[in-house]
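Here the protein sequences come in this chain order: L and E.
Heads up: the first sequence begins at 1041 in our numbering, then just goes up one per residue.
Heads up: the second sequence begins at 119 in our numbering, then just goes up one per residue.
A hint or two may mislead.
What the hints assert, rightly or not - Distance condition first, Cα-Cα at most 27 Å in a straight line; then the derived DSSO-like pairs of lysine-lysine:
{"#": "1", "chain 1": "E", "residue 1": "Lys141", "chain 2": "L", "residue 2": "Lys1525"}
{"#": "2", "chain 1": "L", "residue 1": "Lys1525", "chain 2": "E", "residue 2": "Lys166"}
{"#": "3", "chain 1": "E", "residue 1": "Lys202", "chain 2": "L", "residue 2": "Lys1576"}
{"#": "4", "chain 1": "E", "residue 1": "Lys141", "chain 2": "L", "residue 2": "Lys1842"}
{"#": "5", "chain 1": "E", "residue 1": "Lys244", "chain 2": "L", "residue 2": "Lys1461"}
{"#": "6", "chain 1": "E", "residue 1": "Lys161", "chain 2": "L", "residue 2": "Lys1548"}
{"#": "7", "chain 1": "E", "residue 1": "Lys322", "chain 2": "L", "residue 2": "Lys1772"}
{"#": "8", "chain 1": "L", "residue 1": "Lys1548", "chain 2": "E", "residue 2": "Lys272"}
{"#": "9", "chain 1": "E", "residue 1": "Lys244", "chain 2": "L", "residue 2": "Lys1525"}
{"#": "10", "chain 1": "L", "residue 1": "Lys1558", "chain 2": "E", "residue 2": "Lys222"}
{"#": "11", "chain 1": "L", "residue 1": "Lys1487", "chain 2": "E", "residue 2": "Lys141"}
{"#": "12", "chain 1": "E", "residue 1": "Lys205", "chain 2": "L", "residue 2": "Lys1548"}
{"#": "13", "chain 1": "L", "residue 1": "Lys1635", "chain 2": "E", "residue 2": "Lys205"}
{"#": "14", "chain 1": "E", "residue 1": "Lys322", "chain 2": "L", "residue 2": "Lys1464"}
{"#": "15", "chain 1": "E", "residue 1": "Lys268", "chain 2": "L", "residue 2": "Lys1461"}
{"#": "16", "chain 1": "L", "residue 1": "Lys1576", "chain 2": "E", "residue 2": "Lys322"}
{"#": "17", "chain 1": "E", "residue 1": "Lys170", "chain 2": "L", "residue 2": "Lys1548"}
{"#": "18", "chain 1": "L", "residue 1": "Lys1842", "chain 2": "E", "residue 2": "Lys345"}
{"#": "19", "chain 1": "E", "residue 1": "Lys322", "chain 2": "L", "residue 2": "Lys1831"}
{"#": "20", "chain 1": "E", "residue 1": "Lys202", "chain 2": "L", "residue 2": "Lys1548"}
{"#": "21", "chain 1": "E", "residue 1": "Lys141", "chain 2": "L", "residue 2": "Lys1364"}
{"#": "22", "chain 1": "L", "residue 1": "Lys1576", "chain 2": "E", "residue 2": "Lys272"}
{"#": "23", "chain 1": "E", "residue 1": "Lys231", "chain 2": "L", "residue 2": "Lys1670"}
{"#": "24", "chain 1": "L", "residue 1": "Lys1576", "chain 2": "E", "residue 2": "Lys170"}
Bear in mind the hints are in silico, worked out from the structure with no lab data behind them.
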Amino acid sequence: MPTSMSEDKKPKIEAIYPLTVMQQGLLFHHLTSENDQGFLQVQCILEGVLDIEKLKEAWAQTILKHEFLRSSVHWKKIEKPLIIVRPEKAANWNIEDWSNQQNIASEFDNRLQKLKKEAQHQGVTLDTNPLLQFTLIKKEPNVHYFIWKCHHILLDGWSSSIIINDVFKIYNDLCANFFSGITKLPSHKLYLNWKKQIDEKTAEAFWNTTFLDLDTPLLFNTQQNKNSNEGYKKIENKLNLETSTLLKKVAQRHKVTLNTLFQGMWSLTLHRYFNNTDVTFGNTVSGRSGGFNNIESLSGMFANVLPVRASFDTDDTFTSFLSKLQRQQQEARKYEHFSNEKINTWIGRDKHFELFNSLFIFENFPWKPIKSGALEVTSFEGGVTTTYPVNFIVKILDTITYELIVDHKTITEASLLWLDKSFKALTSLLLNHQDITLDYIIDSIPKFEITESNLTSKKQKYFSTSGNPNNYVSPKNEIELALTKIWEALFGLTNISTTDSFFDLGGKSLLAVRMFNKIEEKLNIKLPPTTLLEHKSIQSIANVISNHNNSSVTENSWKYIIPLKASGTKNPLFCIHAGGGHVFFYKDLADAINKEFALYAVQPTGLFGEEKPHQSIEIMSKDYADEIIKIQPEGTINVMVYCFSTGVGVEIASYLKSKGRTVNIIVADTIAEHRLLLDASRLSIRISAFLKRFTSNPFKALNEMIGYRIYFHLKPLWIKLFGSLEEKNTEKMRLHLVQLFNKYSWQTKVDTVSLVLTKKIDARYNNAIIKSWKNILSGSQNITSVEINAKHPTMFEAAEVKETALAIEKCILE
Amino acid sequence: MIWKTVLKRPYLYENQVHLWKLKISEFEPYFEDLWNTLSTQEKEKANKFRFKKDRLCNVVARGVLKKLLYSYCNANSLDIQYTKYNKPYIIHDSGICFNLSHSKDCIVIAIAKNIDLGVDIEFLDKNTEHEDVASSFFATEEQKALSELKSLDKALGFYRCWTRKEAFIKALGTGLSFPLDQFVVSLHSNKATLLETKWSNDEKYQWHLQGFTPNPGYVGAIAIRAKKVQIVSFEYQLNIHQSLFP
Chain L
1041 MPTSMSEDKK PKIEAIYPLT VMQQGLLFHH LTSENDQGFL QVQCILEGVL
1091 DIEKLKEAWA QTILKHEFLR SSVHWKKIEK PLIIVRPEKA ANWNIEDWSN
1141 QQNIASEFDN RLQKLKKEAQ HQGVTLDTNP LLQFTLIKKE PNVHYFIWKC
1191 HHILLDGWSS SIIINDVFKI YNDLCANFFS GITKLPSHKL YLNWKKQIDE
1241 KTAEAFWNTT FLDLDTPLLF NTQQNKNSNE GYKKIENKLN LETSTLLKKV
1291 AQRHKVTLNT LFQGMWSLTL HRYFNNTDVT FGNTVSGRSG GFNNIESLSG
1341 MFANVLPVRA SFDTDDTFTS FLSKLQRQQQ EARKYEHFSN EKINTWIGRD
1391 KHFELFNSLF IFENFPWKPI KSGALEVTSF EGGVTTTYPV NFIVKILDTI
1441 TYELIVDHKT ITEASLLWLD KSFKALTSLL LNHQDITLDY IIDSIPKFEI
1491 TESNLTSKKQ KYFSTSGNPN NYVSPKNEIE LALTKIWEAL FGLTNISTTD
1541 SFFDLGGKSL LAVRMFNKIE EKLNIKLPPT TLLEHKSIQS IANVISNHNN
1591 SSVTENSWKY IIPLKASGTK NPLFCIHAGG GHVFFYKDLA DAINKEFALY
1641 AVQPTGLFGE EKPHQSIEIM SKDYADEIIK IQPEGTINVM VYCFSTGVGV
1691 EIASYLKSKG RTVNIIVADT IAEHRLLLDA SRLSIRISAF LKRFTSNPFK
1741 ALNEMIGYRI YFHLKPLWIK LFGSLEEKNT EKMRLHLVQL FNKYSWQTKV
1791 DTVSLVLTKK IDARYNNAII KSWKNILSGS QNITSVEINA KHPTMFEAAE
1841 VKETALAIEK CILE
Chain E
119 MIWKTVLKRP YLYENQVHLW KLKISEFEPY FEDLWNTLST QEKEKANKFR
169 FKKDRLCNVV ARGVLKKLLY SYCNANSLDI QYTKYNKPYI IHDSGICFNL
219 SHSKDCIVIA IAKNIDLGVD IEFLDKNTEH EDVASSFFAT EEQKALSELK
269 SLDKALGFYR CWTRKEAFIK ALGTGLSFPL DQFVVSLHSN KATLLETKWS
319 NDEKYQWHLQ GFTPNPGYVG AIAIRAKKVQ IVSFEYQLNI HQSLFP
């Protein structure tokens, strides 16, 4: 029998361990994926005089110390994959000398890259000797590159760093003749036994509380870049010393670790990406915080990926958000040994539920330069293992480096660039502001533009159409096409049918307003948002627009007329503005009047300082009348006047009469020519009435009787001194209108007048009003009057408007 | 504004307005139950929505509104009617009146006794053409106030202005038939004020306007025709939903 066989027959197995869920995942990945993400090459540079034999010996001792260096993974012909630990195992050394071939500096690098690429291609054989393939390359007499092929199925990132440190500690001792044997470590078996007795109840409670009420988690859509064949794409950002130091200070200021700070920043980036205040991601933890003896010296696959939930209120400050996150982390570390499957079950989800699909890695395991014997060991390069589509990796040395790595097979470059850009924007926000609220951060970082394919979640189904595709009607003309484009942009939808109702698509009033703005911009036509009440579809609105275009109106929209109530079967009522130019005191009348009557208010231009106001009552009236007859092309026109607008009513009537139309002037309790009020003959009436009132209710009487005159004389000064811009505009208009009325000559005669008068204390007052109108009637006199229980200044207000409306209805002529 | 969680529906005092908020997605699993509370007409209306998300919103809003109204009115059935401007209302001895608004994943419902009220919430969408809308629909003074804001605050300012105006016209009950430039509201963060109404000098004194944040990323406002009024806000959660009869 050959010796080797007999050696193999000795107790060749020290221990057998099952694979954890994560290890099973890595094995599966190793066996199925072309690009084994578990494989990595640890590299460092050894500067100084190297004793190769001592290095080999140091490794041999380290292999004895760490059981997983002596293990292999087995899955063939067995039910469940296993890790088998051997009592001893020799390393394979590949020693090369490239020191005489490097005339060109870059040649070494090229060769090295080529070698590593080949190694990557070969990978490791998990079932034979996976962790003990070493390459030592002599670059210069005293410069060596050491490359160690590793696989994450057996060793996590912390482990490789622990092992390298052990190797060079032993090498140092060997060189100093100081080595007295290895320190024995507790076996993995002990660790597993210890783990079994951890109370799962508290862990379950913790995870359960953490994910209470979590909505469907938002995941990166891995379908977004399906056609790409490229592998992982990386953006690396090395922060300079100054920025690194400043960021460390930011963490200190918020009383959190750098790890938490970066997690917070990453969460906020995800918040903006998904435009949601509740996000989840995976966080790589060392798995070494459980309090098991010497765990910080153990190697193995302890690392775990734990779910993190980051939710916030916009009222939160960045500080409170971070400390909440840090508390969750600290608590989570107590329960970090549990698999995601277990956590999923605890939080009431399916075992294989995808709680997150992006990974956060904070690498702060000690990759610091080591002094060992005559050597200086520097320039460590590890590698990261990930099977997640989106990864954020932070590396802390003197300076901070972070990397964004996405699986380009599934994630688009646009997403990658957006994440990078937004993270940078967030960094500079934090560096430039001492105290910052989340509100501010949200406002400052634009959300990721969600095209439908970026978002996968159950919610997505609500973005899909439920309508029957047969109901789809495509645009039939240019107007419909233009409208469809506007709707598509506003709703963020495609395939809108021209028969779809605006409201059935989920439209609300703000969207309505925006739509009519777009219509004005694109089609150069101004429609009131109320158009939608009767015309809800693209087809219907397009009809309104084309009718509008075909009609003889030269203007794009009504300039003066505001429909307060657009529908009605009988002749509409046109209400002319009062002295201030405003018309909206008529709104209660529009509500109160019988629904058979439409009600239009007529408002002057120049009210808001945007256009030049009319310079005479005559021109003003002509313009108003032209618009009125567009709305009511036939039948008697009913125009209501109130306060200062009497003259306008008179001029409209006269102008339209010349066009062959009949006009009925409905007068709301106003004397024809207001200057008559100041006539000496009427002064006595007013004073006696005023005094009667004054005794019972002085303030009311003051307002009612001479209110508008106080306004006339005192208000300008008041406004000049204290008025707002709005009031000043109104006042300017009012004064302008007063001027126009004062200039008006009252030469025109009219045919039909209907008076609606309020009860006055002194009957002479109403008689004066009637008389003033009789004065301007033409030969064929036609005047009616009715008296109502209301007061002049309040006749259009809620309490009295019903009675006013009733009286007006009776005055309207068909 | 603090949104209290309560175990049972609180008593509504005369001078109070109760403001309820809820997340639509939280009630998605209960779609069936809510659907069953709707009348045939309500179901027909819900079915007309082309998108499930809108249908979900409509059904949740209507279902929850009915639950709340039945509870406040202590009634087994109520006839929700509409004014000619499409504002829903009920006629009930208790004097209960209400107003509802929804945006994206959020619904708010305001309830009071014999008080005109209107509520509006909007999800803050930065892509809205603020300036265009403001210049066509806002009062000059509001446009000026908006233009004075820092660019970062403009979107928020716009939405504050919009929701306040919308809440006000919803309280008036006139909807979009009412010209938005005929009254002026403040855009300030905390103080929501009706500054001026063009048709009356005194109307502004009758109103109480209040801004609020229903959920992060949303802007909301409530308008109440009453000066001395207390707004109490609650989170409408599943437990309260289940506690309400029927």
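Straight-line Cα separation of E/Lys322 and L/Lys1772 no greater than 27 Å?
The given pair, whose Cα atoms are some 22 Å apart, holds under the 27 Å limit.
Agreement of L/Lys1635 and E/Lys205 with the hint, judged by alpha carbon distance not exceeding 27 Å
holds, 17 Å
Is the straight-line distance between the alpha-carbon of E/Lys244 and that of L/Lys1525 27 Å or less?
holds, 20 Å
Has the given pair, L/Lys1487 with E/Lys141, been kept, meaning a C-alpha gap of at most 27 Å?
holds, 21 Å
Tell me if the straight-line CA distance from L/Lys1525 to E/Lys166 falls inside 27 Å.
holds, 22 Å
Hey, E/Lys202 versus L/Lys1548, does the alpha-carbon distance stay inside 27 Å?
Holds: E/Lys202 and L/Lys1548 sit about 17 Å apart, inside 27 Å.
Please verify whether E/Lys205 and L/Lys1548 have alpha carbons no more than 27 Å apart.
Roughly 13 Å separates the two Cα atoms, so the pair holds.
Is it true that the CA of L/Lys1558 sits at most 27 Å from the CA of E/Lys222?
holds, 22 Å
Does L/Lys1576 sit within 27 Å of E/Lys202, going by the straight-line distance between their CA atoms?
holds, 16 Å
Between E/Lys322 and L/Lys1464, is the straight-line Cα distance small enough, at 27 Å or below?
violated, 47 Å
Verify the proposed pairing of L/Lys1548 with E/Lys272, using a straight-line Cα cut of 27 Å.
holds, 21 Å
Pair hint outcome, E/Lys141 versus L/Lys1525 [Cα-Cα no greater than 27 Å]:
Violated, at roughly 31 Å.
Taken one by one, the earlier hints fail for this structure at numbers 1, 4, 14, 16, 22 and 23, listed in ascending order.
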